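Note that the protein sequences, when read in sequence, are chains H and W. The opening position of the first sequence corresponds to residue 1 in the numbering used here, with each subsequent residue numbered one higher. The opening position of the second sequence corresponds to residue 368 in the numbering used here, with each subsequent residue numbered one higher.
In case anyone wonders, no lab produced these hints; they're calculated from the structure. Remember, it's a predicted structure, so these values are computed and weren't measured experimentally. For every residue, glycine included, the Cβ atom is placed at its ideal position computed from N, Cα and C. Worth double-checking, as some hints may not be accurate.
[What the hints assert, rightly or not] A few chain W residues that face chain H, going by a derived Cβ cut-off under 8 Å, partial list only:
id: 1; residue: S384
id: 2; residue: G388
id: 3; residue: L389
id: 4; residue: G419
id: 5; residue: A421
id: 6; residue: Y529
id: 7; residue: H530
id: 8; residue: L534
id: 9; residue: P536
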Amino acid sequence: MLAFLLTLGALLGVVVVLAYAERKVAAFMQDRMGPTEAGPQGSLQAVADVLKLLQKEDIVPAAADKKLFKLAPILIFAAVFAGFAVIPFTPDLIPAGIGIGVFYLLAIVSLDVIGLLMAGWGSNNKYAMLGAMRSVAQIVSYEIPAGLAILSAVMICQSLDFQEISYQQGALMNQFPGMEYDMNWLFGIEALGINTTTVGGITTWNIFRAPILLVSFVIYFIASLAESNRAPFDIPEAESELVAGFHVEYSGFRFAVLFLAEYSMMVLVCLVAVILFLGSWNTPLPNIGPVSLAYWSTGIPGELSGILWGVFWLLSKTFVLLFLQLQLRWTYPRLRVDQLMHLCWKVLTPVALGVVLIAGIWRLLMI
Amino acid sequence: MNKAIKQHNGFGYVVKSLLSGLSLTWKHFKNARNRRTPDYVSDENYFKQPDGMATLKYPYESIPVPDNGRYRLHNEIDDCIVCDLCAKICPVNCITIDSVKATEDIGVTSDGTKKRLYAPTFDIDLAKCCYCGLCTTVCPTDCLTMTPVYDFSEVNIKNMVYHFTNLTPEQAEEKKQLFAKQQEEIAAAKAAALAARKSNQ
Numbered sequence: 001m002l003a004f005l006l007t008l009g010a011l012l013g014v015v016v017v018l019a020y021a022e023r024k025v026a027a028f029m030q031d032r033m034g035p036t037e038a039g040p041q042g043s044l045q046a047v048a049d050v051l052k053l054l055q056k057e058d059i060v061p062a063a064a065d066k067k068l069f070k071l072a073p074i075l076i077f078a079a080v081f082a083g084f085a086v087i088p089f090t091p092d093l094i095p096a097g098i099g100i101g102v103f104y105l106l107a108i109v110s111l112d113v114i115g116l117l118m119a120g121w122g123s124n125n126k127y128a129m130l131g132a133m134r135s136v137a138q139i140v141s142y143e144i145p146a147g148l149a150i151l152s153a154v155m156i157c158q159s160l161d162f163q164e165i166s167y168q169q170g171a172l173m174n175q176f177p178g179m180e181y182d183m184n185w186l187f188g189i190e191a192l193g194i195n196t197t198t199v200g201g202i203t204t205w206n207i208f209r210a211p212i213l214l215v216s217f218v219i220y221f222i223a224s225l226a227e228s229n230r231a232p233f234d235i236p237e238a239e240s241e242l243v244a245g246f247h248v249e250y251s252g253f254r255f256a257v258l259f260l261a262e263y264s265m266m267v268l269v270c271l272v273a274v275i276l277f278l279g280s281w282n283t284p285l286p287n288i289g290p291v292s293l294a295y296w297s298t299g300i301p302g303e304l305s306g307i308l309w310g311v312f313w314l315l316s317k318t319f320v321l322l323f324l325q326l327q328l329r330w331t332y333p334r335l336r337v338d339q340l341m342h343l344c345w346k347v348l349t350p351v352a353l354g355v356v357l358i359a360g361i362w363r364l365l366m367i
Numbered sequence: 368m369n370k371a372i373k374q375h376n377g378f379g380y381v382v383k384s385l386l387s388g389l390s391l392t393w394k395h396f397k398n399a400r401n402r403r404t405p406d407y408v409s410d411e412n413y414f415k416q417p418d419g420m421a422t423l424k425y426p427y428e429s430i431p432v433p434d435n436g437r438y439r440l441h442n443e444i445d446d447c448i449v450c451d452l453c454a455k456i457c458p459v460n461c462i463t464i465d466s467v468k469a470t471e472d473i474g475v476t477s478d479g480t481k482k483r484l485y486a487p488t489f490d491i492d493l494a495k496c497c498y499c500g501l502c503t504t505v506c507p508t509d510c511l512t513m514t515p516v517y518d519f520s521e522v523n524i525k526n527m528v529y530h531f532t533n534l535t536p537e538q539a540e541e542k543k544q545l546f547a548k549q550q551e552e553i554a555a556a557k558a559a560a561l562a563a564r565k566s567n568q
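Let the hints inform the model, and build the full structure from the sequences given.
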């Protein structure tokens, strides 16, 4: 229960920051000012928006499939929120430390698609239906390169446990039960003879340990944009043509929940990217001889310093990725459906398959 | 036509163009520290300002309007001779004028013209006004002018009708009756004079 409340609080906090950041970043990139009136520098704008949405009438179309229509936002949010259960926040704080976290996350987040279909079908509206179909086509397609990219990281780490993957990418590696005698080598190649187990920092991040994962990180990031319906892959919504696609019939708090789910999804995919590729809650600063920057900026697991440093590094890395997502939205135009499918099936999937192959060979070099 | 436009494609070109797009938005994001200031158009920095945010916080800041800006109409009713020219030339009929003749000259305007008419109604519906300025051009005493005030929005559109008259309805009625009485007296005097002339013959 504590973990549930903690995760919900953290999620809502990050989402409010993100919703505010999106408006400000968008404004700054377009030489505008963004919200300025509600609170200092408009910082209470997101709160004001939520209050406004709560006051709106809850409309359910007369001809809609009422059960599906009402259930869909809950299911969509629940599917995304359940994904947070396996995200490790600090070296010893993880809502549900199950051994097959990656697998669970991929499975539970796929439920999202059912929710989208329910929303589109239940609305009894052609635009909603079209939006839902496009959404499902996109998400199902992009789960393949995303899954393959994650698979390559899992192959390098030989674990489906997010916490174990996190420990492997830092100087605290040997403190994880079962990895007391494991060692990290520069670029993961033992033959180079440079032991980085106690160096930590960026040298043990997955994208450095096995540089091929840099490619799969890019693939995963692109695919995750598509999975969270972010521009340039916002085909399902397509504000200009479909009037916001599958959630065109939703109003008031149901609409707010759908948007909350979308923003949560952004946060979730960025967290996963950080955990799998960018060193999770580990510091980027390596130990250099007697200057043990990595230990200083990691704290002691289990104590307050460990929690604070862990949350700080995890969230700051996540916010960098989230900022990149926002910047991409205001930089690139939307892809056409056929371009979208071309990118997914003819570019990302083959490259991801190749990366999986190379990652397997790399793993052989690592042992 | 042998010099066809070169088709750019390929991985390197795509990556380069994607990155150049990112750098463009990043540059704008970085420049957002600067913001344009409400400077007058004659300020030497006026055209250099769009480096950064181009918006002003309007109700609090605004670009200064020239002193001879031509926006809201104002009628200096004491100078008005109620000639009705402005109402006649107005292309959108936003000026409504009624006039009552005075019993004697009621003064002079600031440029020396004699005033002989009261204006019980002098209304300008600024919701209709198209700011063409024709009324100010034809005004013989220059009492109707356009002022630099442009921010005069109202919640109720009826408040956009500006009443410039300086007579209350009671006063207007009184003036009307005074004039009618004078006309009657003149008519009576004329009739008396006529009757006297007839009786003399």
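These are the hints, each one checked on the structure:
1. Residue-level restraint check for W:S384 is violated (minimum Cβ-Cβ distance to chain H is 10 Å; threshold 8 Å).
2. Annotation: W:G388 was flagged as interfacial toward chain H, and the flag holds, the nearest CB pair being 5 Å apart, inside 8 Å.
3. The beta carbon of W:L389 is positioned within 8 Å of a beta carbon in chain H (closest approach about 6 Å), and the interface hint is therefore held.
4. For W:G419, the interface hint holds, the least distance from its beta-carbon to any beta-carbon of chain H being 7 Å, beneath 8 Å.
5. The restraint placing W:A421 at the interface with chain H holds, with a minimum CB-CB distance near 5 Å, inside the 8 Å limit.
6. Interface hint at W:Y529: violated, since its Cβ lies 31 Å from the closest Cβ of chain H, which is beyond the 8 Å cut-off.
7. For W:H530, the interface hint is violated, since its Cβ never comes within 8 Å of a Cβ in chain H; the closest pair sits about 35 Å apart.
8. With its C-beta approaching chain H no nearer than about 44 Å, W:L534 sits outside the 8 Å limit, and its interface hint is violated.
9. At a threshold of 8 Å, the smallest CB-CB gap from W:P536 to chain H is about 44 Å, leaving the interface hint violated.
When held up to the earlier numbered hints, the structure conflicts with 1, 6, 7, 8 and 9 and fits the remainder.
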